[in-house]
Amino acid sequence: GENVEQHPSTLSVQEGDSAVIKCTYSDSASNYFPWYKQELGKRPQLIIDIRSNVGEKKDQRIAVTLNKTAKHFSLHITETQPEDSAVYFCAAALIQGAQKLVFGQGTRLTINP
Amino acid sequence: GAVVSQHPSWVICKSGTSVKIECRSLDFQATTMFWYRQFPKQSLMLMATSNEGSKATYEQGVEKDKFLINHASLTLSTLTVTSAHPEDSSFYICSAGDATEQYFGPGTRLTVT
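First to last, the protein sequences are chains A and B.
Quick note: the first sequence uses this note's numbering, first residue 1, plus one each step.
Quick note: the second sequence uses this note's numbering, first residue 1, plus one each step.
Just chain B, same shape as in the assembly:
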């Protein structure tokens, strides 16, 4: 199957700083990618749909000015958590799909101290 990578796999940052997470489709082009957030022992919650060459579409309740998404190429989407706070600590997972299924990245564990 197709491969989606994420970087970094884990990051620790101080409250008030910004963190950028990269999501790459390694062997296929993805015009659409998705960003999910998963808190401990909870389900995956869709944050936003990342569209190559256009603005991201955010789910209700997700602050677009706090979670900046850029999809500048067909193989790369980035999620920047701005002015991170401890409540932003979570597991962030991206996905990208082709004609058959959606493929998930390995996730990024963000801890804000």
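Next comes chain A alone, as it looks inside the complex:
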């Protein structure tokens, strides 16, 4: 089955700097890669996703890149703000929607003011 590895497990950056979180996946058939932000005790919230027919996607300060050949994808947050502090999870699935997600281990991002 699919296996998703996520690094780093913790990341601390100065406010205004950029943060990068990386994930690798094992199943070349996976074609949907969402990123979630989770605050303590809350549900995961989708912040951006990418499909395997696209190499990069950007939404304001957040971007995701996908390298299908290498089977890895990354989350980039620019101009970080204190409210970006949270746990971020990457995930992989065969098809979006009603297909099960396999999550990475999570990255605790701390933005230092």
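Pairs of lysine to aspartate or glutamate, EDC-like flavour, derived with a Cα cap of 20 Å:
no., chain 1, residue 1, chain 2, residue 2
1, A, Lys-42, B, Asp-88
2, A, Lys-37, B, Glu-101
3, B, Lys-41, A, Glu-5
Please keep in mind that the hints were generated in silico from the structure rather than gathered at the bench.
Got chain A sorted already, so can you dock chain B onto it with the hints?
For chain B alone, coordinates are given in the frame of chain A:
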């Protein structure tokens, strides 16, 4: 986006008792729902796939006789933790998807004393 609700949001029960958690899709029909478990500071681990009108599909290592899943309608799936023990204390989250993405419930915090 679509809304998924869970009830209760938190529950405390004594060891040996059973607890039922409900997951509802409020504004769309979901033939498939997913149940995840999240221990403190860990990732979301898929427990089972709930299929409307048929038996649930359990992930490896998840005891199907302990975690009973019923998906009797297109908007409701229930997870019953039978004979709960302290090690079952966790954050249980359900999700349901449509053609575009998967939507998570707010989660249920289960504490077994």
